[in-house]
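Chemist: Sequence:
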Amino acid sequence: MTIGTDPRRADVGEAQARLDEAKAAAFDMFLKTQAKERPATVRRLSDSAALDVDVIPTGVIGLDAAIGAGGFPRGRIVELFGPESGGKTTLALEVAKRCQDMGGIVGFVDAEHALNIDLVRNIGIDESRFVVAQPDTGEEAIEIVRSMLESTAFDMVIVDSVAAMVPKAMVEADAEQAFMGLHARLISRFMRVIAPLAGRTGTLVCLINQVRSDLQAYGAPEKATGGRAIAFFATLRIEVRTSPSKRIEQGGQAVGTQVKATVKKNKVGAPFRYTEYDIIFGQGIDGAGSLLDAADRTGVIEKAGNTWYVRYLGAELTPVEEKIGVGKPKAKERLTADPDLAAQVEAAVRARLTGAPLPAAPTAEAA
Numbered sequence: 008m009t010i011g012t013d014p015r016r017a018d019v020g021e022a023q024a025r026l027d028e029a030k031a032a033a034f035d036m037f038l039k040t041q042a043k044e045r046p047a048t049v050r051r052l053s054d055s056a057a058l059d060v061d062v063i064p065t066g067v068i069g070l071d072a073a074i075g076a077g078g079f080p081r082g083r084i085v086e087l088f089g090p091e092s093g094g095k096t097t098l099a100l101e102v103a104k105r106c107q108d109m110g111g112i113v114g115f116v117d118a119e120h121a122l123n124i125d126l127v128r129n130i131g132i133d134e135s136r137f138v139v140a141q142p143d144t145g146e147e148a149i150e151i152v153r154s155m156l157e158s159t160a161f162d163m164v165i166v167d168s169v170a171a172m173v174p175k176a177m178v179e180a181d182a183e184q185a186f187m188g189l190h191a192r193l194i195s196r197f198m199r200v201i202a203p204l205a206g207r208t209g210t211l212v213c214l215i216n217q218v219r220s221d222l223q224a225y226g227a228p229e230k231a232t233g234g235r236a237i238a239f240f241a242t243l244r245i246e247v248r249t250s251p252s253k254r255i256e257q258g259g260q261a262v263g264t265q266v267k268a269t270v271k272k273n274k275v276g277a278p279f280r281y282t283e284y285d286i287i288f289g290q291g292i293d294g295a296g297s298l299l300d301a302a303d304r305t306g307v308i309e310k311a312g313n314t315w316y317v318r319y320l321g322a323e324l325t326p327v328e329e330k331i332g333v334g335k336p337k338a339k340e341r342l343t344a345d346p347d348l349a350a351q352v353e354a355a356v357r358a359r360l361t362g363a364p365l366p367a368a369p370t371a372e373a374a
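Residue numbers (our numbering): 8 to 374.
Each statement offered as a hint is correct.
Here are the computed lysine to aspartate or glutamate pairs in the EDC-like style, where the Cα-Cα straight-line distance is at most 20 Å:
| no. | residue 1 | residue 2 |
| --- | --- | --- |
| 1 | Lys274 | Asp61 |
| 2 | Lys39 | Asp27 |
| 3 | Lys175 | Asp143 |
| 4 | Lys175 | Glu146 |
| 5 | Lys337 | Asp347 |
Keep in mind that the hints were calculated from the coordinates and are not lab data.
Working from the sequences, and respecting the hints, build out all of it.
Modeler: Written out as structure tokens, the structure is:
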């Protein structure tokens, strides 16, 4: 019996080849058409570096690690929510400072009309590259944010706060009038306007939001204001909280507080991670303390008794043995007074957070 090639199979193969050629030609034509008509909207993933996540560090190395990407992502919406006086605005301003350190311009939409200028200055923000707007209504706030994004001049826009973006109808109405869901509808419109603009311009939009008790739920748990639109559109949602038991006191007076930041939603890393850091009232985040804690956790700095030693420096994790202080306050003072040392320690910590192993280090001698 002679075994030959089934002519029907050959016909099928030729038809498939013609189909593949036609599909490839159609795909090529589609790409050329879109490149001409929508160059900033439709692009092949392999040709687009614009879809890579670029970030602005937060100034809290532990929070950068909890986020996973190393900071707040540009071109995205980030929501900081929590109870009043929890450190949300302070964190946003610290990110603004890092944004300016990278050459950026920051817009601050002060819907609450309550920006602390002294805090802005103490954090070290360049006021010439920090634009403040104080809208009277939520609609005006939306238009201001839209104009900032459309200008392409801003690298970061902060809105403080979502709860203070009151619709014009509510501002002008009598006190006894009720407006069911009006604020939520305004915020939903706000999200639909700014999300695509932020993505196209690469601008980080940081929304500060408050929480309220949900009286319709069992146990009255808290929920963020403004409906569900922000939770849907935000790339990052970070809950920022403190408590009276976490206050930092000196001489019987409260001078700061410990803050817990929990990543509740994360599209650039794993969610539900958290970190803790200290805020000094009127001054901002205790950066040296945050760095010291992160270095201790990663083994970059080691405590022998009450004496603190630097064990590794730089991204290469070069082994060293340098005493930086007896007691945590002295160690923090050394890092604050020596920016070059602090930068080398931070580079080592970031290397550890990305998975770099520790090389052999000299054995510490207790002080």
